[in-house]
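**Student:** Produce the complete structure using the sequences and hints provided.
Listed below are the residues making up each chain.
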Amino acid sequence: MNKKFISGNDAVAEGVRLARPHVISAYPITPQTITVERLSEMVEDGSLKAEYMHVESEHTALAAAIGVSSVGARAFTATSSQGLLYMAENLPYASGARLPIVMMNANRAIATPWNIYGDQMDSMFLLNSGWIQVYVEDAQEALDMMIQAYKIAEHKNVMIPIMVNLDGFVLTHTYELVEIPSQVDVDEFLPPINMTEQKMDLENPKSLCISAGNDFNFEFKIKQERDLHSSISIIESVDNEFGDKFGRYYNGLMDTYRCEDAEAILITTGSVTGTARIVVDQLRKEGKKVGVLKLRYLRPFPIDRLKTEIGNAKVVGVIDKNISFGYEGTVFTNVNSTLVNMQNSPKSMNFIGGLGGRDITKNNIKNAFESMIKMSVGEEQERIQYMNVRCEK
Amino acid sequence: MNKKLNARTITNEEFFYGHKACGGCGESLAVRLAMKVLGERTFAALPAGCMSAVSFIYPNMAFKTNAIITPFASTGAVASGMAAGLKALGIENTKTVGFAGDGGTADIGLQALSGAIDRNDDIIYFCNDNEAYMNTGIQKSGLTPYGTKTTTSPAGENLPGSITMKKNMFEIVAAHGIQYAATASIGYLEDFMMKVQKAKETKGTSYIHVFAPCPTGWGHESNITIDLAKQAVDSGLWYLAEFENGEFKLNKNPKEFSSVEDYLKVQSRFKHLKEKDIEVIKSHRNQKWEKMRKEWVSENK
Chain A
7 MNKKFISGND
17 AVAEGVRLAR
27 PHVISAYPIT
37 PQTITVERLS
47 EMVEDGSLKA
57 EYMHVESEHT
67 ALAAAIGVSS
77 VGARAFTATS
87 SQGLLYMAEN
97 LPYASGARLP
107 IVMMNANRAI
117 ATPWNIYGDQ
127 MDSMFLLNSG
137 WIQVYVEDAQ
147 EALDMMIQAY
157 KIAEHKNVMI
167 PIMVNLDGFV
177 LTHTYELVEI
187 PSQVDVDEFL
197 PPINMTEQKM
207 DLENPKSLCI
217 SAGNDFNFEF
227 KIKQERDLHS
237 SISIIESVDN
247 EFGDKFGRYY
257 NGLMDTYRCE
267 DAEAILITTG
277 SVTGTARIVV
287 DQLRKEGKKV
297 GVLKLRYLRP
307 FPIDRLKTEI
317 GNAKVVGVID
327 KNISFGYEGT
337 VFTNVNSTLV
347 NMQNSPKSMN
357 FIGGLGGRDI
367 TKNNIKNAFE
377 SMIKMSVGEE
387 QERIQYMNVR
397 CEK
Chain B
2 MNKKLNARTI
12 TNEEFFYGHK
22 ACGGCGESLA
32 VRLAMKVLGE
42 RTFAALPAGC
52 MSAVSFIYPN
62 MAFKTNAIIT
72 PFASTGAVAS
82 GMAAGLKALG
92 IENTKTVGFA
102 GDGGTADIGL
112 QALSGAIDRN
122 DDIIYFCNDN
132 EAYMNTGIQK
142 SGLTPYGTKT
152 TTSPAGENLP
162 GSITMKKNMF
172 EIVAAHGIQY
182 AATASIGYLE
192 DFMMKVQKAK
202 ETKGTSYIHV
212 FAPCPTGWGH
222 ESNITIDLAK
232 QAVDSGLWYL
242 AEFENGEFKL
252 NKNPKEFSSV
262 EDYLKVQSRF
272 KHLKEKDIEV
282 IKSHRNQKWE
292 KMRKEWVSEN
302 K
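Just so you know, the sequences run in chain order A and B. Each residue of the first sequence is one higher than the last, beginning at 7 in this note's numbering. Each residue of the second sequence is one higher than the last, beginning at 2 in this note's numbering.
Everything labelled a hint here was simulated from the structure, so no lab data went into it. Where is the CB? At the ideal position from N, CA and C, for every residue including glycine. Misleading hints may appear alongside valid ones.
[To be verified] Here are the simulated distance ranges between beta carbons:
hint, chain 1, residue 1, chain 2, residue 2, range
1, A, Ser236, B, Thr137, 50 to 58 angstroms
2, A, Glu203, B, Asn169, 37 to 45 angstroms
3, A, Glu231, B, Lys266, 49 to 57 angstroms
4, A, Ser188, B, Thr137, 52 to 60 angstroms
5, A, Asn8, B, Thr137, 50 to 58 angstroms
6, B, Ser299, A, Asp51, 42 to 50 angstroms
**Tutor:** Written out as structure tokens, the structure is:
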């Protein structure tokens, strides 16, 4: 078994190499840079046979990937923060054209104030872009998701681009022991790209990214919406197939920890999940019925499964590393919409933290659970709380 | 030597037809003829603009070859990506081209074009210059000449319309050290087609800046499009030139210019111009030609 002690960024590059993209369009931005550096080295040393495009901006990085994908080739790009927002108009462009591009996003704060550290403000802006959004928890999951992402995106019933999100620094720059699958196994799992319809072809020329007026436009959008929803079953089957092949199952769209009989469930995304699990273990020792639910995918949003996993919990808390200014955390809003349609809707609370890379500590999470437990027995609690902040709300 | 491209020798096959461009549209003629020279193994990228707006309207597609609409800023970027993808897939003997307008090139698309030239990606980039944002309703672009009335550069008591000169795209592109660049006009179609042929045979990036009148935006009769495109060159307000192997070359160096006034007066966008404004236009033309003749004509160097 081949194991390497590498960072999250390195793991992404390893995963991309194994996925054999045809073209990488790369523009550097902290904290994603190491990924594109490693990929350039892999192209230089010949271990990755790909065209490496030094593009002049993130806008072009994704536009070039659109070009690559339109001719039926496998495209990869990576970005973060301001870069993601700079390329923003190209996200719905790619998803509307049904181009199966895979992009890594290193979750990072948005200026101003300038800040290079991790929160999830950036990708939350793009939840409506028509992309599949997955959030990984560690370097191994980052590597594995690069391989899974192409298989999901390129599935003929999906044909939707995927953004794989890693928490900036906490994941991108943290070193872990990561298992590197063999190329033979990956090749068996992930066949060469074979786009059948949405691509250019000399034998059967096509016009892509077309105009559709008010007489047709809505139907294009509804089909996109339908296919994004139905990608859920393909995401699940690809994850199962991956587990069978490589021995690592990620439980599809969400991963639960001690939720079965939990009365208070904390919903997380990304790297904070590990801390939350430790706190759950501590509180369980004290007899508290608590659990943690890691949302891996925010689009498609796993409505039905979320209802099932929440079960009979009395309170659901949501950690948001973002604010939708003027309202609340974005994940919270999304979760609430599912909760209100449950037969016995649990109460819900929002814990906003980690902005600009502020730590979310075990103690913060413990306090969150304690507040949830108080609410579960009818004590009044602030519905939206900020974790680890010094100023008045 | 290539066979001469002209009305007799150019293919009868059409690769761009059935579109909804206005009668007398110069830009669509440039695209049509370029596509005839480029042929069926062409992959075309067009940004938001007139040509994409009139030719990709579901379910009626006007390109017979593979084609794509790109984000407005991304003609160079998407074309580069297509070329890279085709190369990586091992699909050979193709040509990837971009057809952008003047705003799509000199303004919003300049950065992506610069990147493509810098990488020397194997694409041809066409700037179809009709001197304003026509698709959105005739707004000033970086290639709108001095004294032009547009919907964002109105002519009135205080201003003669646009008060800036055309951005010098040809030399901006050449300054990158591009493999091949040329200016052209649909008033000189054989010259244009020969330049397209040259670009087709160029490995790496080439750029063709083709002057193409727009009856709707310029306010002229639709039957004088070609004539106006010719007059622009003959009066010295546009020029035919090439940049090759690091050298500029003037293809046409008129001893005497035809009348600027005759060119301006048939276009409603210039109707308001006063004598002093026309003097500004002529003086700028003269400076430009003095420089080009001095620096680009070999016997004068």
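**Student:** Would you mind marking each hint as holding or not holding in the structure?
**Tutor:** Each hint, compared with the structure:
{"no.": "1", "hint": "A:Ser236 x B:Thr137: 50 to 58 angstroms", "verdict": "violated (38 angstroms)"}
{"no.": "2", "hint": "A:Glu203 x B:Asn169: 37 to 45 angstroms", "verdict": "holds (44 angstroms)"}
{"no.": "3", "hint": "A:Glu231 x B:Lys266: 49 to 57 angstroms", "verdict": "holds (55 angstroms)"}
{"no.": "4", "hint": "A:Ser188 x B:Thr137: 52 to 60 angstroms", "verdict": "holds (54 angstroms)"}
{"no.": "5", "hint": "A:Asn8 x B:Thr137: 50 to 58 angstroms", "verdict": "holds (56 angstroms)"}
{"no.": "6", "hint": "B:Ser299 x A:Asp51: 42 to 50 angstroms", "verdict": "holds (47 angstroms)"}
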